[in-house]
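K.L.:
Sequence:
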Amino acid sequence: MTGQDLMGEMQAKITLLDKAIEKLHSRGKALADAEYKYRIALRQKVLLERDNKTPVSIISDVCRGDEEIARLRFDRDVAEAMYRSVQEAINTYKLEIKILDNQIAREWGRPQF
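All the letters of the sequence shown, read from the start, carry residue numbers 2 to 114 under this note's numbering.
These are computed hints drawn from the structure, not numbers from a lab. All of these numbers come straight from a predicted model, not from anything done at the bench. Worth double-checking, as some hints may not be accurate.
[What the hints assert, rightly or not] Taking lysine-lysine pairs in the BS3-like style, the calculated list, with each CA pair at most 25 Å apart, reads: (1) K20 / K95; (2) K99 / K20; (3) K99 / K30; (4) K30 / K20.
[Stated by the list, open to error] FRET-style restraints, in silico, Cβ to Cβ: (5) G110 / K20: 28 to 34 Å; (6) I41 / K99: 38 to 44 Å; (7) N92 / K38: 25 to 31 Å; (8) R44 / A82: 20 to 26 Å.
Heads up, the beta-carbon is just placed ideally off N, CA and C, and yes, glycines get one too.
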């Protein structure tokens with residue numbers, strides 16, 4: 002691979018990194034929104050169960066077993082997985098860029114930083 006090929010590949014990785022960083026913002030917002038909805042619904046369900054005189058020791062299990070609460074928690078967990086996948090993609094792109102930078106340094110004989 003020539004130095005120009007390496008530079009082109011590095012530029013492509015930088016473009017992918019930029020897109021992943023933009024996506025991280027939207028995925029982070031989706032995660033925060035899902036967490037918000039889950040916590041609000043869980044709080045409301047806990048208060049409802051307390052009003053119904055449900056024993057305190059089982060309120061948590063009863064609430065988390067509720068179909069709506071479970072769905073909201075699932076949505077939150079999916080949003081978290083999507084957020085973390087973008088974080089991992091960013092780390093991968095950064096590593097690939099560093100590897101390409103080192104290859105370019107060896108190819109062109111410039112000092113490494």
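K.L.:
Evaluate each hint against the coordinates.
P.N.:
Hints, verified against the model:
Annotation: proposed proximity of K20 to K95 holds, straight-line Cα distance about 13 Å (limit 25 Å). Proximity of K99 to K20 is assessed by CA-CA distance (about 18 Å); at most 25 Å being required, the pair is judged to hold. The straight-line distance between the Cα atoms of K99 and K30 is roughly 29 Å, outside the 25 Å bound, and the hint therefore fails. A distance of roughly 16 Å separates the Cα atoms of K30 and K20; the hinted pair therefore holds under the 25 Å criterion.
Separation of G110 from K20 is about 32 Å and conforms to the stated range, judged on CB atoms against 28 to 34 Å. Hint check: I41 to K99, Cβ distance near 42 Å, so the stated range 38 to 44 Å holds. Between N92 and K38 the beta carbons are some 28 Å apart, a value that agrees with the proposed interval 25 to 31 Å. A beta carbon spacing of about 24 Å between R44 and A82 agrees with the range 20 to 26 Å that was offered as a hint.
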